[in-house]
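**Q** The chain contents come next:
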Amino acid sequence: MNAPGDAPAAFAPGPVLRLLPRLDDANRFFWTSGEDGRLRFLRCHGCAMYVHPPVPRCPYCLDGPLVPEPVSGRGVVHSYTVNHQQWIPGSAPYIIGLVTIAEQEDVRLTTNIVDCGPEDLYVGMPVAVTFERSEDVWLPLFRPVELPPR
Amino acid sequence: MSRPDLLERRAVVSGIGQSDVGRRLGRSDLDLTVDACLQAIADAGLQRDDIDGLATFPGAGVGTGGFAGPSSPEVQDALRLKLNWHDGGLEGPGQLRAVFAACLAVAAGLARHVLVYRTVTESTAQGEGGRQGIGGGGGGASSRGVPRFSGFLQWTIPYGAVSAVNWIAWIAQRRMHEFGLTREQLAQIALNGRRNAARNPKAIYRDPLTLQDYLDVRMISTPLCLYDCDAPCDGSTAVVVSHADYAPDTPRPALHVNAIGTAIRGRPSWDQFDDMTTFAARDAAASMWARTELRPSDVDVAELYDGFSILTMVWLEEMGLCPKGESGPFVEGGARIALDGAVPLNTSGGQLSAGRLHGFGMLHEACLQLRGDGGERQVPGSPEVAAVAAGGGPIAGCMLLTRGPAS
Numbered sequence: 001m002n003a004p005g006d007a008p009a010a011f012a013p014g015p016v017l018r019l020l021p022r023l024d025d026a027n028r029f030f031w032t033s034g035e036d037g038r039l040r041f042l043r044c045h046g047c048a049m050y051v052h053p054p055v056p057r058c059p060y061c062l063d064g065p066l067v068p069e070p071v072s073g074r075g076v077v078h079s080y081t082v083n084h085q086q087w088i089p090g091s092a093p094y095i096i097g098l099v100t101i102a103e104q105e106d107v108r109l110t111t112n113i114v115d116c117g118p119e120d121l122y123v124g125m126p127v128a129v130t131f132e133r134s135e136d137v138w139l140p141l142f143r144p145v146e147l148p149p150r
Numbered sequence: 001m002s003r004p005d006l007l008e009r010r011a012v013v014s015g016i017g018q019s020d021v022g023r024r025l026g027r028s029d030l031d032l033t034v035d036a037c038l039q040a041i042a043d044a045g046l047q048r049d050d051i052d053g054l055a056t057f058p059g060a061g062v063g064t065g066g067f068a069g070p071s072s073p074e075v076q077d078a079l080r081l082k083l084n085w086h087d088g089g090l091e092g093p094g095q096l097r098a099v100f101a102a103c104l105a106v107a108a109g110l111a112r113h114v115l116v117y118r119t120v121t122e123s124t125a126q127g128e129g130g131r132q133g134i135g136g137g138g139g140g141a142s143s144r145g146v147p148r149f150s151g152f153l154q155w156t157i158p159y160g161a162v163s164a165v166n167w168i169a170w171i172a173q174r175r176m177h178e179f180g181l182t183r184e185q186l187a188q189i190a191l192n193g194r195r196n197a198a199r200n201p202k203a204i205y206r207d208p209l210t211l212q213d214y215l216d217v218r219m220i221s222t223p224l225c226l227y228d229c230d231a232p233c234d235g236s237t238a239v240v241v242s243h244a245d246y247a248p249d250t251p252r253p254a255l256h257v258n259a260i261g262t263a264i265r266g267r268p269s270w271d272q273f274d275d276m277t278t279f280a281a282r283d284a285a286a287s288m289w290a291r292t293e294l295r296p297s298d299v300d301v302a303e304l305y306d307g308f309s310i311l312t313m314v315w316l317e318e319m320g321l322c323p324k325g326e327s328g329p330f331v332e333g334g335a336r337i338a339l340d341g342a343v344p345l346n347t348s349g350g351q352l353s354a355g356r357l358h359g360f361g362m363l364h365e366a367c368l369q370l371r372g373d374g375g376e377r378q379v380p381g382s383p384e385v386a387a388v389a390a391g392g393g394p395i396a397g398c399m400l401l402t403r404g405p406a407s
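These protein sequence lines are chains A and B, in that order.
The letter at position 57 of the first sequence is residue 57 when you use this note's numbering, and the numbering goes up by one with no holes.
The letter at position 307 of the second sequence is residue 307 when you use this note's numbering, and the numbering goes up by one with no holes.
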């Protein structure tokens, strides 16, 4: 943990230990979606809305069937924080982003923003998905799609 | 204006009590709770056998060490209470949900005098080990024997977003983007709390805090630093909620519940709620103001939850005590929120300096102020209306208390 004025710490893509989701029939499609490099969400075949987190029935139209469908993997940083507290001992500071997917304003993912230092990060930054495999899980992370404005 | 439809107006806070509050008191949660409860019962001018209702937030078995306090069955048995109504639980409009439930119980005639308590022993439980994130197993295990997570935590824990401070830091960062909030403005919540805590003998931190101290201290989760986070403590707070027809008989002034705010209209989620700058405080406050003829300008003292400083900024705006998006400029310099300011705020020092009594400290302090029992930190001019708010993110509840009955 560094006070302002100290030499900048190295930044990490995430916590030193990735605690993982427990896969079940409802979430497996999401957490393994990155196996082919694509991000997927449930989508309603009735009203065409994307639905996240997974639920049994479309919460918008309460009608149509929900099926996992690939999305572009593009999004925008809605907000972010640089975590310094060592909840998991040995972790260097890492960026926890909240990303809104390009397809739908009310679908967001908590994620880590990688390939980007905090000094280049901003609310509204366009990002694209990238995956980090850990055991049987492909964690969606996001990286900048263009150089930030200077 | 008589509003018989507003059932909460049939309730009063007839008594208040609070145990010792401190760091690592080394006493059990039940021990502290009994202290607070007996004080509240005596303060209400009642005997133990008069209590026929019991409620708590959140009830046992919730959260990490020292968070939950004793269960209502434990407290019932410790005091050998004979109950007509009882309630405990986590889900609902924030920490004050237990108080709201008690108000409705006395209004419905299910009980006449409800004891409501909230106890924390997080300081003793954490010992020297420091603050914990929100952990807890999700069931199942990976091949390495490391626990895996289900429910909401599955979406955050893989990314190291393991504490409310991470999610609440998003609120502050988003507000910096939308409203130009600065760290110097945010600091005023912490500095105001510390100034008031110096006048509160029970406060955890009473030494002076300067803006430079604030700017120099270590970051927890940007832009939130150590002084933006409340101080884990040990302590129990209790109130007695009675039917309003008991008000003439209380030894100390009974405080009237004018309106409660309980709404949540956005998605109940830390990362999916529609407006990250307000979260459910928007809905809770709107529902409260819809139930009263009072106006924000009538509020004489405001006790607004400061589990994290930014949450107080949100409540200031959503309660209508300053314009939307302008809480930063509003608190600048600290004069408007000081004890003699337009909106005296978190007069005990709040959770940032007086200790994380988890919402019930705000309620207790509002009662002290309305009774004129604030001692060195009493707000001048005999405050008549207090606003109390608790919670952050998708967890929010608020209420108005008045010294006299609604006219």
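The set of hints was computed from the structure by calculation and includes no laboratory data.
Careful: at least some of the hints might be erroneous.
Covered stretches of chain A, going by a simulated chain B footprint (3 or more residues, C-beta under 8 Å) [to be verified]:
| hint | region |
| --- | --- |
| 1 | 37-50 |
| 2 | 61-73 |
| 3 | 83-97 |
In silico DMTMM-like pairs for lysine to aspartate or glutamate, Cα to Cα no more than 25 Å straight-line [to be verified]:
| hint | chain 1 | residue 1 | chain 2 | residue 2 |
| --- | --- | --- | --- | --- |
| 4 | B | Lys324 | B | Glu178 |
| 5 | B | Lys324 | B | Asp300 |
| 6 | B | Lys202 | B | Glu178 |
| 7 | B | Lys202 | B | Asp373 |
| 8 | B | Lys324 | A | Asp106 |
| 9 | B | Lys324 | A | Glu105 |
Not the full set, but computed from the structure, chain B residues with beta-carbon under 10 Å of chain A [stated by the list, open to error]:
| hint | residue |
| --- | --- |
| 10 | Arg23 |
| 11 | Gln47 |
| 12 | Leu110 |
| 13 | Arg112 |
| 14 | Thr156 |
| 15 | Ile157 |
| 16 | Gly160 |
| 17 | Trp167 |
| 18 | Leu224 |
| 19 | Thr250 |
We treat Cβ as the ideally placed atom computed from N, Cα and C, and that holds for glycine.
**Q** Hints broken by the structure, by number, lowest first?
**A** 1, 2, 6, 10, 11, 12, 13 and 19
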